[in-house]
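Take these sequences, add in the hints, and give me the full structure.
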Amino acid sequence: AGELIFAGCTSWSLSGRGGKPTKSFDGVAERNLWSFHRLKPLVGVPVHTIITGCVANHTFILTNNGIFGWGRNDNGELGLGDTDNRYNPTSIGKLNNAVDPIVGGACGDKHSLLFTKTGTLYACGSNEFGQLGTGQSGSNNVNPSPVSTVSGIVTAGAGRGFSVIANKAGSCYSFGFPKDGLLGHGSDGKFLGVGNKWEYSIETRPREIEALMGFKIAKVSCGSLHTIALDVEGRVWTWGFGGYGRLGHGDNKNQMTAAKLEHFHNEPEQKPASTNAMFFRPQRPRRLKKIAAGSRCCWGIDEHGRVYFWGITKSSGEATMYPKFFEGLSVSG
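So in UniProt numbering, the last spot in the sequence shown is 333, and the numbers never skip.
No lab work stands behind these hints, which were simulated from the structure alone.
Heads up, some of the hints might be wrong.
Unchecked claim - Pairs of lysine to aspartate or glutamate residues, derived as DMTMM-like cross-links and limited to a Cα-Cα distance of at most 20 Å, are as follows:
id, residue 1, residue 2
1, K260, E199
2, K20, E30
3, K168, D180
4, K197, D180
5, K23, E3
6, K260, D188
7, K216, E303
8, K168, E208
9, K289, E267
10, K290, E262
11, K179, E262
12, K219, D251
13, K253, E327
14, K168, E233
15, K216, D84
16, K168, D100
17, K253, D180
18, K179, E210
19, K219, E303
20, K290, E303
21, K219, E208
22, K289, E318
23, K260, E327
24, K260, D302
25, K94, D82
26, K314, D302
27, K23, D82
28, K23, D74
29, K290, D251
30, K219, D302
31, K253, E267
32, K290, E199
33, K289, D251
34, K168, E210
35, K40, D100
36, K23, D100
37, K216, D188
38, K179, D251
Please read these numbers as outputs of a predicted model, since none were measured by experiment.
Shown next as structure tokens:
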């Protein structure tokens, strides 16, 4: 546990909206913190977990006194029973259960997923595309709603209108908006609807991803329009929108199905019969220990502290189309 420090935009109704007031403008003028600051309400408060997301404008923290949240709340993503933005850490009273506390979760652009020590999943915020997994879509949930069709959840990811989770058995599920293969079920869910207009078949309940059956998924993370998943052996899969090489497959193609990232699926090299064992230096399997998705990129860290990156961090930059060793951030020894 440690003390939280913060930098960046502090006007939640303007963040990510070009600094122009909209109908949801809350009167707080645009202001950025260009260096890290301590948050006065949290000075001296040990924070052991931060829950947020690369497309989110809200944050949760876990402390010895429970879960607190702040930020944009247009759709009830803070789970406080209203849609008022919060500028100070606010206790999420409905989820402060000492017997089964919140231990993890994820923040999408307009919704939140939070899971407890025993694996009960709660969701709140926008449910436009069924991304809360409650079996319904359309209206927002301003209070945390339990997702009753799954249990034992240990990891979660949330993007723009979609969600991905995995349970302690390693089964991986997705729900919400299927466009561009966001859900990894083999299609973009597109169909010709009423009036010959294209529509999308949304998933309003968690649906297991078939391509990952038989593997034990330990961690998932979502960017704005893509997902990366890691299994207990350190192997990696990606799927969704492929622009700027964010999936790491060497191209910009969308992946409708959870696809192996071959760079981290290589098998131990076998010694050729004609090679003297004294001179054989087999290539070891490349495996990751940690993963994280940025809005349009992915990061990974292996067991030796080496950092890998692929995708892009800004539109004017050059895309990295496959996992590349990032020497500047890697730890040796």
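Taking each numbered hint in turn, which are not upheld by the structure, reported in ascending numerical order?
1, 3, 5, 11, 12, 13, 15, 22, 23, 26, 29, 31, 32, 33, 35, 36, 37
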